[in-house]
Amino acid sequence: MEGRTAPGRLGAHLRLLSAYLRANVAMAMEYRAAFFAQVFGMVVNDSLWLAYWALFFNRFPVLKGWERQDVLMLWAIVATGFGLAEVLFGAWRTLAGVIVEGQLDYYLVLPKSPLWHVLMSRAAPTGWGDLGFGLAVFALWGTPTAPRLVLFALGALTSGCLLLGSGIVFQSLAFYAGHAEVLAQQIENAVIHFSTYPGTVFGGSVRVILFTLIPAGFINHMPVELMRRANTGFLVVALLAAAAWLAAGQVLFSAGLRRYESGNLIGPRM
Amino acid sequence: MSPVEAGPGRRRIAARVAKYLAVSRIGLATAVAYRGEYLLRSLTLVLILYVFSVLWRVVYAGTPGGIIEGFELRDMIWYLVITESIIYARPRLAGRVDTEVKSGSLAYTLSRPYSYVLFHYAQTLGEAAARGIAGFAVAGLVVTATVGPPSFHLANLAVFLLALFLAATIDFFLAFSVGLLAFWVEETGPFALLYDRLLMLLGGMMLPLEIFPRLLRDVAGWLPLSMIIYAPARLLVGRQPLAAGPVILAQLGWLLGAGLLCMAVFRAGIRRVNVHGG
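From first to last, the protein sequence lines stand for chains A and Y.
Under the working numbering, the letters of the first sequence match residues 1 to 270, in that order.
Under the working numbering, the letters of the second sequence match residues 271 to 548, in that order.
No lab work stands behind these hints, which were simulated from the structure alone.
Built from N, CA and C at the ideal position, the CB exists for glycine as well.
Heads up, a few of these hints could be off.
What the hints assert, rightly or not - Derived CB-CB ranges, DEER-like:
1) N544/Y / A33/A: 18 to 24 Å
2) H193/A / A513/Y: 34 to 40 Å
3) A407/Y / L108/A: 52 to 58 Å
4) W454/Y / V62/A: 23 to 29 Å
Generate the whole structure from the sequences, applying the supplied hints.
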């Protein structure tokens, strides 16, 4: 609404987010078996990776300065951040499909940002699995004192914003490159994949890419820089990068809307 | 049986085999038809192998002698190329069967002049062949450029291909059984995912069993999961490849066990099918 202050606008958006979250949870509870099956599935999936790293570090205890504890924290941070993005903005990984199929019409006539609406329109049930898994790993192995809890929360939120922002950027390519769903999915897979490996193993030009073209470098350095060294300088840079990726996503999406072609689909929304 | 009597019988068998070969060809053609998408998806495979390459380079850089459990760096990466390609080749069979059971389309298939199980088996093999070859080719090209060509035990090539075929068959029976659980439970997804993930970890996709702690290595070595991934790969890769005879024998044993399990589950499930005319 025009004339509203920035805090007022933020408050309105947060209330909308809360309403969407409640609606999405209520919808998931209508299909409880499917919901819990997906949550369980994601916990199994994440546990596989912890098991892999447990076996790896059992045999090779130190990997370029990283120890098992660091990988545990990496998974705690990434899973929590990714889970939050999935639970709150669950459509971010299918945005390209919505654009390509011309299904944005419904969101264009709603008050507030269409991007905000479309992202919140669904919650990925698997996100609850990731979120629960990340929190459980931190609670079990993260020595959760108050200062570490703050660092962990900041790390997870920043990681979630980096993943979400870059996801919107890559998914919005569908406005410009037509059928970009698979391409966007591949790039996002790369972001997530690189984010879950010890940051120090990557060097040279790949390291540069991980801090520029994709934001994985900020995420996969969190355990050492944030949880071990409490490096506030690193945190500030990571937060700025997250803000930049989110802003880029918003700009690219808004500019892309001008090129959007409706699918003229008629269907019920329940 | 006299030659005169054998003629029609042999023709019937040949006709049956030809029928399922045609299904395999369709599965293969389906995979090839979407080659652009598959190629793009195989980039994920390349990415995974790249990250593993970087990881293992770091490990080997700190290993005196450059050999870990009989694997040089190049062997380790090529081991991963084979194991990742095997996993990449697998269609989502359990999910497909689950959908057919729940939607009821299985009931239509039962009345058709082919076996439901063999139809899926033939289709799965066709698809897996196309995907596996494509994945291995793409990953192999990239890995050749980064760590060099493989030093496979080529004398084992024929037995490796046989082991791959047996591995695909064992995997088919197990994954098919998981999908058939849809007769009894609402959601088979978690079971399918659990099976897939156990296959990846204990089957040796991510690490050769030699890297595991002794007890886990022994347990994993006895499971059918390692016969699907680890064993075929180790026929070709590593300083000391696995002996072909015991691998094939163990695979045949597990194939029999998994096949019987699958048939038992299928028969029990079919009894729950109700077909209504209309």
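Results of checking the hints against the structure:
1. N544/Y / A33/A: 18 to 24 Å: The hinted range 18 to 24 Å holds for N544/Y and A33/A, with Cβ atoms some 22 Å apart.
2. H193/A / A513/Y: 34 to 40 Å: Cβ of H193/A to Cβ of A513/Y: about 36 Å, so the range 34 to 40 Å holds.
3. A407/Y / L108/A: 52 to 58 Å: violated (44 Å)
4. W454/Y / V62/A: 23 to 29 Å: For W454/Y and V62/A the Cβ distance comes to about 47 Å; the hint is violated.
Hint compliance for this structure: hints 3 and 4 are broken, all remaining hints hold.
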